[in-house]
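Visitor: With the hints as extra help, turn the sequences into a complete structure.
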Amino acid sequence: MRLLHAGDHIVMPWKNGAGATTQIAIAPPGASLDSFDWRVSMAGVVEDGAFSTFPGIDRTLAVLEGEGIVLEVEGAPPRRLTGESEPAVFPGDVPTRAALIGGPITDLNVMSRRGRHAHRLTRRIVDAPVTLAPGGGIMLVLALSPGLRVGGERLERLDAAMLDAPTRIEADHATICYVIELWEVADGHGN
1270 MRLLHAGDHI VMPWKNGAGA TTQIAIAPPG ASLDSFDWRV SMAGVVEDGA
1320 FSTFPGIDRT LAVLEGEGIV LEVEGAPPRR LTGESEPAVF PGDVPTRAAL
1370 IGGPITDLNV MSRRGRHAHR LTRRIVDAPV TLAPGGGIML VLALSPGLRV
1420 GGERLERLDA AMLDAPTRIE ADHATICYVI ELWEVADGHG N
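Yeah, the sequence shown ends on 1460 if you go by this note's numbering, and it's all consecutive.
One thing to keep in mind: the hints can contain errors.
Have a look at the derived ranges for each label pair, beta carbon to beta carbon [claimed, not checked]: (1) 1304 to 1402: 28 to 34 Å; (2) 1282 to 1317: 17 to 23 Å; (3) 1345 to 1434: 34 to 40 Å; (4) 1277 to 1315: 22 to 28 Å; (5) 1286 to 1405: 34 to 40 Å; (6) 1282 to 1325: 17 to 23 Å; (7) 1373 to 1442: 24 to 30 Å.
To be clear, the hints were calculated from the coordinates, so they are not data collected in a lab. Just so it is clear, CB atoms sit at the ideal spot from N, CA and C, and this is done for glycine as well.
Guide: Below is the structure:
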């Protein structure tokens, strides 16, 4: 297990230059925004606008803070996305826009290179001890508030833990976290 403390996350400009993103983890280490296999990041969105385009990338987006957005992915009906919604899955190489519902938000963005890696993002409430096991890949757990313990280590708000073996997760009280699963693709279709 490796802890990724919020204070160590890397802040950088969006690919399109219209804002800033906070990178939690990337593979391979040191990869650029054009060469990564997978990437986990957060971003503050303060105005309506277009998303950066990422050719060959699959994306999943969740709202961490704020009222939410209306996600407009070309070729799909608009989707209202809030902190209680299931994360939205969409291709990173299709024109996409977001319209704020009621003010700024912070989102969680997971991206993986199609044909090489795949991912799953799940919102989870931890109200009893549970063991999470990465199924042959990597698993990250992102804490939304203090009180989450991963493998006995206490996570603070927006800290993450990268798991490579079955690990016990527990909380002082019912706590929301996000679980990110990442794995290599064997057949080019996520299987």
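Visitor: Hints first: check each against the structure and report whether it holds.
Guide: Evaluated hints:
1. Between residue 1304 and residue 1402 the Cβ separation comes to about 30 Å, which falls inside the hinted range of 28 to 34 Å.
2. Checked against the hint of 17 to 23 Å, the pair residue 1282 and residue 1317 passes, with Cβ atoms roughly 19 Å apart.
3. For residue 1345 paired with residue 1434, a C-beta distance near 37 Å keeps the hint of 34 to 40 Å intact.
4. Range check, residue 1277 to residue 1315: about 24 Å between beta-carbon atoms, so the 22 to 28 Å window is met.
5. Between residue 1286 and residue 1405, the C-beta spacing of about 37 Å keeps the proposed range 34 to 40 Å intact.
6. For the pair residue 1282 and residue 1325, the beta carbons lie near 21 Å from each other, so the given range of 17 to 23 Å is met.
7. Between residue 1373 and residue 1442, the C-beta spacing of about 27 Å keeps the proposed range 24 to 30 Å intact.
In summary, this structure violates none of the numbered hints.
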